[in-house]
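Asker: Protein chains in written order, with the working numbering: chain F, 359 to 617; chain H, 342 to 583.
Keep in mind the hints are simulated off the structure, nothing from the lab.
Some hints here could point you the wrong way.
Straight line, CA to CA, 25 Å or less: simulated DSS-like cross-link-like pairs of lysine-lysine [to be verified]:
1. F:K365 x H:K506
2. F:K387 x H:K553
3. H:K485 x F:K450
4. F:K612 x H:K485
5. H:K429 x H:K506
6. H:K553 x H:K506
7. H:K485 x F:K383
Label-pair ranges, simulated between beta-carbon atoms [stated by the list, open to error]:
8. F:F478 x H:E530: 35 to 43 Å
9. H:E379 x F:V536: 33 to 41 Å
10. H:A343 x F:F478: 28 to 36 Å
11. F:V592 x H:I357: 58 to 66 Å
12. H:E580 x F:L474: 52 to 60 Å
13. F:V592 x H:T368: 46 to 54 Å
14. F:L535 x H:D386: 43 to 51 Å
15. F:L535 x H:S479: 45 to 53 Å
If we take Cβ atoms under 7 Å as the criterion, some of the chain F residues that face chain H in the derived model are [unchecked claim]:
16. I448
17. H452
18. L453
19. V457
20. Y458
21. R527
22. D528
No experiment lies behind these values; they were computed from the predicted model shown.
Think of the CB as a built atom: it goes at the ideal place given N, C-alpha and C, for glycine as much as any other residue.
Residue-level listing of the chains:
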Amino acid sequence: MRIQHIKELYDYRNLIWVLAWVEFKQRYKNSVLGYFWSLLEPLLMLSVLYIIFSNLMKVQVEHYQLFLLQGIIMWNFFSRATSMGLMAIIGKPHLVQKVYFPRDILVISGCTTALLMSIFESVVFIGFMLFFQIPLSVNIIVLPVIIFLFFIIALGASMALAALNVYYRDIQYIWALVLQVGFFATPILYPLTVFPPLLFRVLSYNPIAQILYLARDVTLYSKVPNLASFSYAVVISIVILGIGYTIFSRLEPKFAEEL
Amino acid sequence: MAAVIEVNHLHKIFRIPHEKRNTIFETLTGLIKPTNFEILHALKDINFSVEEGEMFGIIGQNGSGKSTLLKIMSRILIPTEGSVITRKTVTPFLELGVGFNYDFTAAENVKIYGIIMGLTPQDIEDKTEDILEFAGISQFRDTKLRNFSSGMQVRLAFSTAIQTKPQILLLDEVLAVGDQEFQKKCLQELERFKREGVTIIFVSHDLEAVKKHCGRALLLNHGIQVMMGETDEVVGMYEGSG
Chain F
359 MRIQHIKELY DYRNLIWVLA WVEFKQRYKN SVLGYFWSLL EPLLMLSVLY
409 IIFSNLMKVQ VEHYQLFLLQ GIIMWNFFSR ATSMGLMAII GKPHLVQKVY
459 FPRDILVISG CTTALLMSIF ESVVFIGFML FFQIPLSVNI IVLPVIIFLF
509 FIIALGASMA LAALNVYYRD IQYIWALVLQ VGFFATPILY PLTVFPPLLF
559 RVLSYNPIAQ ILYLARDVTL YSKVPNLASF SYAVVISIVI LGIGYTIFSR
609 LEPKFAEEL
Chain H
342 MAAVIEVNHL HKIFRIPHEK RNTIFETLTG LIKPTNFEIL HALKDINFSV
392 EEGEMFGIIG QNGSGKSTLL KIMSRILIPT EGSVITRKTV TPFLELGVGF
442 NYDFTAAENV KIYGIIMGLT PQDIEDKTED ILEFAGISQF RDTKLRNFSS
492 GMQVRLAFST AIQTKPQILL LDEVLAVGDQ EFQKKCLQEL ERFKREGVTI
542 IFVSHDLEAV KKHCGRALLL NHGIQVMMGE TDEVVGMYEG SG
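Starting from the given sequences, assemble the full structure and let the hints guide the process.
Answerer: Now the structure itself:
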C-alpha cells in the first residue's frame, strides 16, 4: 500500500467513521429491544452450545464457558466483517456512481461496523469474566494488538471479496459456505487437539485459529503469547491485506461501470 | 488567469456485453462461446480548458455524453484515452442527497451527507441550524427523513451541499428540482459562488439559464464536440440544429 494512499485515507477518516456509525446505528434502530437484542444473540448461542458441548461431548477445557464465548464473539466478528465487506461495494451503488472517494473506504467502514458490534457484545464477556473471577495478568495488554491483527485479516479478506463480488455475484454464496466450514475448522467449540494429528497440523495454519489461541492465552489463561503463533499472525495478516488490496486496486477503476 | 481544468483528446468507450456474465459459473461456461460486445463510443476526442473563476456551460441532447464527461472530471469514471487535468479540488453535484438515509432524522442526515460532501464535523456542527433554515424545515429537524416529501428532501440536500467550499463545482441538472421560489434561491447561491471566484461547470437543458450565467459553452452531440465558444453562438447552433 502506498504511503500516499494511507494519507488519503486519513483525510477521509470522518467519512469512514460516519459510514460505520450509520450502519451500526441502523442495525439496532428498528428492533424493540434495541441494543440489547445484540447481547441476547451471543448469550442464547452460548447457552445452547454450552449445554450440548459441556454435557454431551465432555470437552475438557479450562474455563469452558469463557473459552466458548470468546470464540463465538471473535468468530462473529470475522463472519460479520467479511459478510458486510462482501456487500460494501455492490450494496452502495449510489455512493460509487455519484461521488468520488477512495472506494476502499466502504470496505474499511464495513469492517469497522463489525468491530463496533463485537466490542459491544464483549460487554457480556466482561460480565462473565467478573462473575467467574478470572484473574487477569499483565499479558492482557497484548490483546489490542491481537485484535488489530485480526481486523487486518478481516479487512484484507473483505477487500478481495468486495471487489470480486462486483464481477461475480455468486462469490457471496461461495463465501457463505466457506464460513460454514471455517466455523468447524476453527477452535471455537473445541480446541484443535480433538482432531487427528495430520488434520491438526493442517488446521493450525488457519490464521483465525492462531488469533483465537493468542487471544485466549492472554485473556483467560494469563499466559505470555506464543511467539511462533504471534509471528505467524503478523506475517499472515500482512500477506492477506496485501493480496486483498492488490485485487481491490486492480478492479477498482471499473466499479462505477460494472454496477 | 490559469486553466484549472484541461481536457485533452478525451475518449470514453463503454463495452456493453449483449448478455452480462455475472457469476463465476457463467464466466466458465461462457468461455466456450465468444461474447458479443456493443461498443459505445460515448466521448470522441473532447478538448477544452476552463479558466479559474469561469462559469462554463455544457449542453446537448440526452445521450450526448454530458454526464459521462462530468463523471470523468469527478474521477468516478476513468478515461479510455486522453486525460483530464484538474488543478483544484473538484466538488461534484451530480445528484443531490447521495447517501441519504431514510431511517435517520433531518439533522442526522445533514451530518452524514455533509461528511460525504467533504465538510468537517466542526463545520457541520456550526452550520446545521443554517442548513435547516435555508431548506425551510427547521421545525422538522428531528423528523425521520422517510416522512419528508421529495421536495423537502431535495431542499435539505441542496442546502447541505452548498455549505461546502468548492473550488471547482460540477453541476448536473440539479437545479431542475424544487419550486420556483427554491430555484430562485439556488440561482442566488450560484451567483454567490461565482462572485467568490468558484469555477463552475454547468450542465443543463435550461438554455436560458446557460445563456444568462455562462460566458462560454460546449455543445456535444453523440459524444462529438460540435462547437465550443461564446455561449450565445453555441446555444444558437444548438437551437438551429435541434
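Asker: With reference to the structure, classify each hint as holding or not holding.
Answerer: The hints, checked one at a time:
1. F:K365 x H:K506: holds, 21 Å
2. F:K387 x H:K553: violated, 48 Å
3. H:K485 x F:K450: holds, 21 Å
4. F:K612 x H:K485: violated, 35 Å
5. H:K429 x H:K506: The given pair, whose Cα atoms are some 12 Å apart, holds under the 25 Å limit.
6. H:K553 x H:K506: holds, 23 Å
7. H:K485 x F:K383: holds, 14 Å
8. F:F478 x H:E530: 35 to 43 Å: Since F478 of chain F and E530 of chain H have Cβ atoms about 42 Å apart, the given range 35 to 43 Å holds.
9. H:E379 x F:V536: 33 to 41 Å: holds, 36 Å
10. H:A343 x F:F478: 28 to 36 Å: violated, 52 Å
11. F:V592 x H:I357: 58 to 66 Å: Because 45 Å falls outside the window, the suggested range is violated.
12. H:E580 x F:L474: 52 to 60 Å: holds, 56 Å
13. F:V592 x H:T368: 46 to 54 Å: Because 35 Å falls outside the window, the suggested range is violated.
14. F:L535 x H:D386: 43 to 51 Å: Between L535 of chain F and D386 of chain H, where Cβ atoms are some 49 Å apart, the hint holds.
15. F:L535 x H:S479: 45 to 53 Å: holds, 52 Å
16. I448: Violated - the Cβ of I448 of chain F stays beyond 7 Å from chain H, reaching only about 10 Å at its closest.
17. H452: holds, 5 Å
18. L453: holds, 6 Å
19. V457: The hint holds - V457 of chain F has a Cβ within 7 Å of chain H, the shortest such distance being about 5 Å.
20. Y458: holds, 4 Å
21. R527: holds, 5 Å
22. D528: holds, 4 Å
Comparing the model with each earlier hint shows violations of hints 2, 4, 10, 11, 13 and 16; every other hint is respected.
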